[in-house]
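Trainee: Sequence:
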Amino acid sequence: MADIKQDLLGLEYSASFTLQGIQEADINLELPPVSGGSATVYGTVTDGTDPLADATVKLFDSTGAPFQHTLTDASGQYSMSGIPAGTYTIAAVKDGYRLSGALGVTLAASDTTQMNLTCTADATLTLGAIAGTITTLVGTGLTPMAGAKITLKDSNGAVVASTYSADDGEFLFYDVADGLYTMLASAEGYLTSAPMAVTITGGSIANVTMSLTVDTRTYNGTVSGVIRDQKGTAVAGCFVGLYQITGTGAGATETLIATTKTNAEGKYLFGGVVGGQYLVKAKLEQ
0 MADIKQDLLG LEYSASFTLQ GIQEADINLE LPPVSGGSAT VYGTVTDGTD
50 PLADATVKLF DSTGAPFQHT LTDASGQYSM SGIPAGTYTI AAVKDGYRLS
100 GALGVTLAAS DTTQMNLTCT ADATLTLGAI AGTITTLVGT GLTPMAGAKI
150 TLKDSNGAVV ASTYSADDGE FLFYDVADGL YTMLASAEGY LTSAPMAVTI
200 TGGSIANVTM SLTVDTRTYN GTVSGVIRDQ KGTAVAGCFV GLYQITGTGA
250 GATETLIATT KTNAEGKYLF GGVVGGQYLV KAKLEQ
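Number 285 marks the last residue of the sequence shown (numbering that gives the first Met the number 0); no jumps.
If you're looking for bench data, these hints aren't it; they were derived computationally from the structure.
Do not take every clue at face value.
[Unchecked claim] Straight-line C-alpha distance at most 30 Å; calculated DSBU-like pairs for lysine-lysine: (1) 230 x 266; (2) 282 x 266; (3) 280 x 230; (4) 260 x 280; (5) 260 x 230; (6) 266 x 280; (7) 260 x 282; (8) 230 x 282.
[As the list claims (entries may be wrong)] Across the chosen pairs, the derived CB separations fall in these ranges: (9) 194 x 247: 42 to 48 Å; (10) 171 x 231: 52 to 58 Å; (11) 203 x 247: 53 to 59 Å; (12) 126 x 48: 21 to 27 Å; (13) 115 x 194: 47 to 53 Å; (14) 165 x 203: 43 to 49 Å; (15) 247 x 142: 51 to 57 Å.
Glycine included, every Cβ here is placed at the ideal spot set by N, Cα and C.
Can you build the whole structure from these sequences, using the hints too?
Mentor: See the structure below:
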């Protein structure tokens, strides 16, 4: 490439003047030195062979912070100017293509530097995605639900993917081909959600919200144990009472809410125990 000419002295101009007849004009100019100018980066973005129009080209400073960006023209060419001297990296991206490798460049004042970039096509980037959140009713409001399983089925009912919600209730399916899908959400202690239909067209992105309802039949605890005498022998047929404690301190109240008896091994079990504070009492009569 031919050497690029750069200014040594800045442009200066005279005041306007008029000449008549054989008058002589004596016009003297004093040219100021060019101050440290800014640099320019230009180049072409291709797929390795053909130029890519409307690709985004971005310049990052030495800390990796974004500094400037532009778009390529119909010929895949770009230019960025007004760049202070320093060290930078530059990369390009376009829909359907992966981000190019980042090229490093150190620019001096008034530099004009060519940086060509290559983006690689990725067919998966033209596929769709489904992003969503899942919540459950707590008290009078909805709260994000972690650990729920979300299952994605195609139009034939075949499972194509499954995932679990994060702590903030978010979940994501990506690389989803065009088509009609249904989603189901499930979690232990909750009723399985009704199927939700989602359509992906032309690599679209679907944002959805799902909700699970507590299954009052199963979203409860159990209390179990073994009753023994002082010799360590299991006591069969022993009365066992489950008491719920309400209030605190001297105002605490114990209320018997369920009873059972131990089996031949001295074991007992209470099911369907809702959240709360409890104690267990046992005795055996003759």
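Trainee: Indicate, hint by hint, whether the structure satisfies it.
Mentor: Against the structure, the hints come out as follows:
1. Using a Cα cut-off of 30 Å, the hinted pair residue 230 and residue 266 holds, with the two alpha carbons roughly 16 Å apart.
2. Restraint check for residue 282 and residue 266: the C-alpha separation of about 13 Å stays at or below 30 Å, so the hint holds.
3. As the CA atoms of residue 280 and residue 230 are separated by approximately 19 Å, the hinted pair is consistent with the 30 Å bound.
4. A C-alpha spacing of about 11 Å is found between residue 260 and residue 280, which places the hinted pair at or below 30 Å, so the restraint holds.
5. Between residue 260 and residue 230, the direct Cα distance comes to roughly 20 Å. Compliance with the 30 Å bound is thereby established for this hinted pair.
6. Distance check on the hinted pair: residue 266 and residue 280 sit about 14 Å apart at the alpha-carbon level, within 30 Å; holds.
7. The straight-line distance between the Cα atoms of residue 260 and residue 282 is roughly 10 Å, inside the 30 Å bound, and the hint therefore holds.
8. Using a Cα cut-off of 30 Å, the hinted pair residue 230 and residue 282 holds, with the two alpha carbons roughly 16 Å apart.
9. Taking the beta carbon of each, residue 194 and residue 247 are about 46 Å apart, inside 42 to 48 Å as hinted.
10. Range check, residue 171 to residue 231: about 55 Å between beta-carbon atoms, so the 52 to 58 Å window is met.
11. As the Cβ distance of residue 203 to residue 247 is approximately 55 Å, the hint placing it in 53 to 59 Å holds.
12. Restraint check, residue 126 to residue 48: a C-beta distance of roughly 24 Å satisfies the suggested window 21 to 27 Å.
13. Taking 47 to 53 Å as the suggested C-beta distance range, the pair residue 115 and residue 194 conforms, at roughly 50 Å.
14. Take residue 165 and residue 203: their Cβ atoms lie about 23 Å apart, and the range 43 to 49 Å is violated.
15. Taking 51 to 57 Å as the suggested C-beta distance range, the pair residue 247 and residue 142 does not conform, at roughly 26 Å.
Against the hints set out earlier in the document, violations occur for numbers 14 and 15.
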